[in-house]
Amino acid sequence: MVSASNAASHAAAEYLALFVGEEFVSSDGDGVIRVLPSDTQQISTILGYATKNGLTVDPCGGGTKQHWGSGTAPHIRLSLSRINKVIDHPWHDLTCTVQAGCTWFFLQQSLAKHGQFVALDPLFRDRATVGGILASNDSGALHHPYGSLRDLVIGMTLVLPDGTIAKTRSRR
Numbered sequence: 320m321v322s323a324s325n326a327a328s329h330a331a332a333e334y335l336a337l338f339v340g341e342e343f344v345s346s347d348g349d350g351v352i353r354v355l356p357s358d359t360q361q362i363s364t365i366l367g368y369a370t371k372n373g374l375t376v377d378p379c380g381g382g383t384k385q386h387w388g389s390g391t392a393p394h395i396r397l398s399l400s401r402i403n404k405v406i407d408h409p410w411h412d413l414t415c416t417v418q419a420g421c422t423w424f425f426l427q428q429s430l431a432k433h434g435q436f437v438a439l440d441p442l443f444r445d446r447a448t449v450g451g452i453l454a455s456n457d458s459g460a461l462h463h464p465y466g467s468l469r470d471l472v473i474g475m476t477l478v479l480p481d482g483t484i485a486k487t488r489s490r491r
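Going by our numbering, the sequence shown opens with residue 320, and the numbers climb by one from there.
Simulated from the structure, these hints should not be mistaken for lab results.
Misleading hints may appear alongside valid ones.
Pairs of lysine-lysine, DSSO-like flavour, derived with a Cα cap of 30 Å [as the list claims (entries may be wrong)]:
hint, residue 1, residue 2
1, K486, K371
2, K486, K432
3, K404, K432
4, K371, K432
Here are the computed distance ranges between Cβ atoms for each label pair [stated by the list, open to error]:
hint, residue 1, residue 2, range
5, R401, N372, 17 to 27 Å
6, N325, Y465, 42 to 52 Å
7, T375, Q435, 36 to 46 Å
In this text, a Cβ means the ideal position worked out from N, Cα and C, and glycines have one as well.
Modelling step: build the complete structure from the supplied sequences, incorporating the hints.
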C-alpha cells in the first residue's frame, strides 16, 4: 500500500520530470525529490509548483554550507549543479555574469585567463558555489578590505518562491 505522502511525492516527481527531464529527477530513501534544473525558467516552474502544493524546497549547490542553518525537512532538493557556468566575462569592464551553481574555483580560473580575480576567500572554494557564497555571505577574511560578495554584485536574476522571475539592476 502506498501512503498519501508517497503518492504525493511520486506525483510531484512525475510532474517535475515533464519540465526538467526524467533523468534529472530522482527520489532518495527518505522521500525527498532531487531535481536538477538547467535554467531559470525550470527553477521558476519548480518553485511555483512547490508553493501551490505546499512543498518545501531546499536549494543546494556544492552543499558546503547546508549545515549552517536549521531549516525544515525539504520535500524537494533543488540542485543547482547544472546551472554552473560563467556566462559572460567582458574583462575590460572588470565584470562577469555567473550562474548560481558555478564553483568559486571555476570562477577564479575563468577570471585568471585575463589576469583578474575576485578578492575574497570563502571556505571550501573548490566546491562552494557563487549562489551559496552569496546566500550565506561567506566571503572570508578578505571581506574586511574589499567587502563581501554581496557588496560586489551589480545585478542578478532571482526566482521568488511563487515562481516569479525578478531582476535587479544589471549592467545590461
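Structure-based check of each hint:
1. Restraint check for K486 and K371: satisfied, since their Cα atoms lie roughly 22 Å apart, inside the 30 Å limit.
2. At most 30 Å may separate the alpha-carbon atoms for a hinted pair to count; K486 and K432 meet this at roughly 29 Å.
3. For the hint pairing K404 with K432, the CA-to-CA distance comes to about 15 Å; that is within 30 Å, so the pair holds.
4. As the CA atoms of K371 and K432 are separated by approximately 44 Å, the hinted pair breaks the 30 Å bound.
5. A C-beta distance of roughly 23 Å is found between R401 and N372, which places it inside the suggested range of 17 to 27 Å.
6. A beta carbon spacing of about 49 Å between N325 and Y465 agrees with the range 42 to 52 Å that was offered as a hint.
7. Remark: the range hint 36 to 46 Å for T375 to Q435 is upheld by a beta-carbon distance near 39 Å.
Hint violations for this structure: number 4 only, all remaining hints satisfied.
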